[in-house]
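Here is how the chains run, residue by residue.
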Amino acid sequence: EVHLVESGGGLIQPGGSLRLSCAASGFTVSTNYMSWVRQAPGKGLEWVSVVYSGGNTYYADSVKGRFTISRDNSKNTLFLQMNSLRAEDTAVYYCARDGGGLELDVWGQGTTVTVSS
Amino acid sequence: QSALTQPPSASGSPGESVTISCTGTSSDVGGYDYVSWYQQHPGKAPKVMIYEVSKRPSGVPDRFSGSKSGNTASLTVSGLQAEDEADYYCSSYAGSNNPLYVFGTGTKVTVL
Numbered sequence: 001e002v003h004l005v006e007s008g009g010g011l012i013q014p015g016g017s018l019r020l021s022c023a024a025s026g027f028t029v030s031t032n033y034m035s036w037v038r039q040a041p042g043k044g045l046e047w048v049s050v051v052y053s054g055g056n057t058y059y060a061d062s063v064k065g066r067f068t069i070s071r072d073n074s075k076n077t078l079f080l081q082m083n084s085l086r087a088e089d090t091a092v093y094y095c096a097r098d099g100g101g102l103e104l105d106v107w108g109q110g111t112t113v114t115v116s117s
Numbered sequence: 118q119s120a121l122t123q124p125p126s127a128s129g130s131p132g133e134s135v136t137i138s139c140t141g142t143s144s145d146v147g148g149y150d151y152v153s154w155y156q157q158h159p160g161k162a163p164k165v166m167i168y169e170v171s172k173r174p175s176g177v178p179d180r181f182s183g184s185k186s187g188n189t190a191s192l193t194v195s196g197l198q199a200e201d202e203a204d205y206y207c208s209s210y211a212g213s214n215n216p217l218y219v220f221g222t223g224t225k226v227t228v229l
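Chain order of the listed sequences is A and B. Heads up: the first sequence begins at 1 in the working numbering, then just goes up one per residue. Heads up: the second sequence begins at 118 in the working numbering, then just goes up one per residue.
Read the hints as simulated data drawn from the structure, not as lab findings. Using N, Cα and C, we set each Cβ at its ideal position, and we do this for glycine too. Treat each hint with caution, since some may be false.
As the list claims (entries may be wrong) - Pair ranges (Cβ atoms, derived):
id	chain 1	residue 1	chain 2	residue 2	range
1	A	Gly10	B	Lys172	17 to 27 angstroms
2	A	Leu11	B	Ser144	18 to 28 angstroms
3	B	Ala199	A	Tyr52	34 to 44 angstroms
4	A	Gly26	B	Gln198	40 to 50 angstroms
5	A	Ala87	B	Gln198	33 to 43 angstroms
6	A	Pro14	B	Ser134	41 to 51 angstroms
7	B	Lys172	A	Gly54	21 to 31 angstroms
8	A	Ser30	B	Ser134	36 to 46 angstroms
9	A	Gly65	B	Ser175	36 to 46 angstroms
Take these sequences, add in the hints, and give me the full structure.
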């Protein structure tokens with residue numbers, strides 16, 4: 001069974017940094033498009049970043065230059081390094097796998113990031 | 118790239134049908150057959166219900182169907198059941214110079 005488990009969320013002050021992890025089981029992270037999607041409290045879904053199977057990475061304009069997506073193939077784990085955090089980055093962060101038709105077919109349970117002083 | 122437009126709410130009685138629209142432009146919904154729909158219950162992760170406009174993943178009831186006409190995609194839930202009450206989001210590919218997934222504004226479906 002395929003599974004994603006996020007961790008690393010928490011309360012952080014504005015300007016701080018946080019690293020989210022997403023451990024995968026039942027499939028190989030490096031052979032799939034893997035994304036981070038976030039959802040601010042009471043708001044809709046917002047795509048944040050993707051790493052393609054070939055290694056290329058892309059970011060939403062709202063996080064470009066501040067967030068970095070990466071993966072550790074040996075640990076079958078996806079990461080999101082978040083720097084220069086702002087109040088508007090407060091959200092539940094989900095990692096998700098692309099199923100091949102540009103749909104996100106496997107999602108983690110989410111990890112909450114709160115940016116506040 | 119703006120979010121795709123969905124009605125904030127929709128409702129129906131058990132057994133009835135409800136259709137949710139998702140309006141974009143010729144650069145996203147109208148330009149590609151990569152529209153997907155997600156169901157999200159409160160406090161839970163989204164779940165894909167439809168992909169590539171009208172395909173259903175394994176395990177999704179055939180009460181859920183998708184279609185597209187021009188720049189508008191639609192999700193129809195037939196034979197509404199209590200467990201269908203949730204938020205629904207559409208998503209579309211919008212080309213290589215845009216976010217990989219552009220989501221809709223979301224629709225709250227209420228089963229009366």
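Hint-by-hint comparison with the structure:
{"no.": "1", "hint": "A:Gly10 <-> B:Lys172: 17 to 27 angstroms", "result": "violated (38 angstroms)"}
{"no.": "2", "hint": "A:Leu11 <-> B:Ser144: 18 to 28 angstroms", "result": "violated (39 angstroms)"}
{"no.": "3", "hint": "B:Ala199 <-> A:Tyr52: 34 to 44 angstroms", "result": "holds (40 angstroms)"}
{"no.": "4", "hint": "A:Gly26 <-> B:Gln198: 40 to 50 angstroms", "result": "violated (29 angstroms)"}
{"no.": "5", "hint": "A:Ala87 <-> B:Gln198: 33 to 43 angstroms", "result": "holds (39 angstroms)"}
{"no.": "6", "hint": "A:Pro14 <-> B:Ser134: 41 to 51 angstroms", "result": "holds (47 angstroms)"}
{"no.": "7", "hint": "B:Lys172 <-> A:Gly54: 21 to 31 angstroms", "result": "holds (25 angstroms)"}
{"no.": "8", "hint": "A:Ser30 <-> B:Ser134: 36 to 46 angstroms", "result": "holds (42 angstroms)"}
{"no.": "9", "hint": "A:Gly65 <-> B:Ser175: 36 to 46 angstroms", "result": "holds (39 angstroms)"}
In the structure shown, a violation is registered for the earlier hints numbered 1, 2 and 4, in ascending order.
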